[in-house]
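Chains as they are written, first to last, in this note's numbering: chain R, 1 to 188; chain D, 1001 to 1119; chain B, 2001 to 2455.
To spell it out: a stretch of chain R is covered by chain D in this simulated footprint if at least three of its residues, at any positions, have a beta carbon under 8 Å from a beta carbon of chain D; those stretches are:
{"hint": "1", "stretch": "126–132"}
{"hint": "2", "stretch": "144–156"}
Negatives, chain D to chain R, calculated, CB over 10 Å:
{"hint": "3", "residue": "1016"}
{"hint": "4", "residue": "1026"}
{"hint": "5", "residue": "1028"}
{"hint": "6", "residue": "1033"}
No lab work stands behind these hints: they were computed from the structure.
Here the structure is a predicted model, which means the values were calculated and not measured.
Even glycine gets a Cβ: it sits at the ideal position worked out from N, Cα and C.
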Amino acid sequence: MELLFFLLFAGLAIAGAVATVWMRYVVHSAFALMGTFLGVAGLYVLLGADFLAITQILIYVGGILVLILFGIMLTPPDRTERNAKRVIGFSASLVAIALFLAVQIGSVVRWAEKSNLEAPKATAAPIGRELLRPDGYLIPFELVSVVLLVALIGSVFIARRRKAVRVDDSSTAAILAERGTLQQKAGA
Amino acid sequence: MLSDYAPLLLLLALAAAFVVGNLVISEVLGRPKPGVGKKTVYECGMPIRGTARARFSVHYYLLALLFILFDVEAAFLLPWAAHAEELGKAGLVAMGGFAVVLVVGLLYVMRKKALEWDR
Amino acid sequence: MSASLALSLWLQSARLQQQTGAALGSTTAPDSNWTLDLLEWVRTSWLSTKLAGLAGMDQAPALPTWAAAAIGAGIAVGIVIGFVSVVAMFSIWLERRVAGRIQSRIGPNRVGPFGLLQSLADGVKLLLKEDIIPSGADRKLFVLAPALVMASALAMFAAVPMADGAGFTDINLGVLFIVGISALATIGVIMAGWSSNNKWALYGAMREAAQVVSYEVPLGISLLVPVIVGGTLELGAASRLQSGWGGSCWFLFQNPFVLPAFVLYFIAALAENKRAPFDLPESESELVAGFHTEYSGIRFSFFFLEEYAAMFLMSAVGTALFLGGWNFPGIDLLKGGWLIAAQLAVFVVKSMFLVLLMIWIRWTLPRMRVDQVMVMGYKYLTPLSLICVVGASVWEVWAAVPFHERPIWMQLFTPVLVFGVCAVLGAMLRKQAIESAAQPTTRSRIAPRAHAAAH
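Same shape as in the complex, but just chain R (with noise of 0.2 Å):
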């Protein structure tokens, strides 16, 4: 019954992944990606991550996603669509790497079997002791908050407005630079 659920997981998330590497339209293989996301957090459910699964559609479905639509939309149209035979060559390349890449891993490191490990019943009370414990992960998990306060400085950064001053007469120049406000147009 296991095996069925994660072979349904485990498909659904490298269906995902390949229609987003193989759709023509860029919308099209955001909306596939979704597909991913939502299979990786089946298959963290199947592994008793309970908590991991529901942020995993929380943050990724409903914040990365929704941010990598919005860019797609901010962006002009595609005016070239994939061509098929580029991504396939690329693609296939990329498959024979992960191959060879699994069978170097699968052969090094010893798998546990599910049934040896035991998983919680509801794993946000685990979660939230070991975070806040300070012999746990309570130095990364502050941490964790510089690091979201330096994306959000640089998000801001980034996003900021540009002045730019078309200037006509001398004297509204000179006061601007005066200001240290103006920025040469080029052209202008």
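Position chains D and B relative to chain R; hints supplied.
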């Protein structure tokens, strides 16, 4: 764990079947009657100007970015909140530090007027 | 040293929790699976025994457990889908009647008693309509979008049990689950707007996505406050914790920070559902177009049903976490099936009250501008909800006595106190509103900046 979520999967599957079933019924009952202009895109009855792929302000992107950051913060707040009393004052102080850093970020965003919407 | 401090604190609170648990009874769900009980009842009923007798058997044979579980789950799913449809149709009828009353007219009253079957008739009519897909539209995405939106709305109902032990499934992470799945619906809206090949639909969809995304943060954070007070993310356990007499055991009255959190949650829920005064994505559908402008017939009805189902769901979550869930003073005197039915009725009535509040607000307040909407989420709601979370947790860790150990007068009179304060504030605001409405409306009051610039 699986027993909690398997009914949910069944619910999603049957919801999809519900939608598909309604569409099939509608297809059967509502025979297509082709008419002039039925398939054209609606723009208050006027002929269409411009394509549907227009440009957008960068503020949408910034809003989505801010949402991700604060969403990650909320996702970190959740496992703490469910057991706030157990984790006591030490947990409160640790989580307070986390929240304070992000509130500083929010104040920075507001100060820089990054959220003012320009059309 | 800090580890031992933390450990001692944890042990202390565990002992406290044990005492509270012993006073309240167990906070875990009863183990019986009501669908299996239902199947068993059907199997041993008179009709199936008669049918088995016709086939030459004593009694209807028992199904293998997996089959029984699957059929039981299927029955539960059918009940959920039916419940959602009925509730959505009732909400639509309620909206139209209440809108009529507010606008001094009668709403629909022809079809069925008091017009109750109006929504059903509208649904049947929409089924009979022709299915139009606009030219140039993206067929695959156009068809997928209403399915995604409907699936997310239905999935959220899985996490909200409406009676003790008789919910669909009480997910351990109920609150997080609901906030997460509501994010799925946003993708469906963007998909709908994009695939319509209509620039107004696309604008409406992007605005709606930006609005939902702005208000999901205060929604999630303000929902943390009753989670802190109750100590659980499950919605069924939260409702169970609010049982008792006097109505003051609602989480709303257990902590002074829960009331502002409830107001913030309600405002954020209004914005999430694109309800007025935040209905700019929809108002464009009244004036020009919205994200579902190219959808007709049954596809439109999916979006419409999803909106009212989501309204009811947000109200149900608010009821479970703030207003005491399925509890009512004295409801424990009933037993068995009557108890479940009474709890369900109480829950639905409380949720419907919140839905009525949403409808009332929609037809009373004017619409907000898009830039006001986007800014208000981050500038005002998020900091306020963070303050509520911090305040509630400080109150709980430092000052609070567990609810059932408080003196009786405090338990019984907290709602009176809260209502008294709200009534006094409301009276003051009303007086101020009446006074300001009595002044003549001059240019200086409508457009102060332009007025000041001109003078």
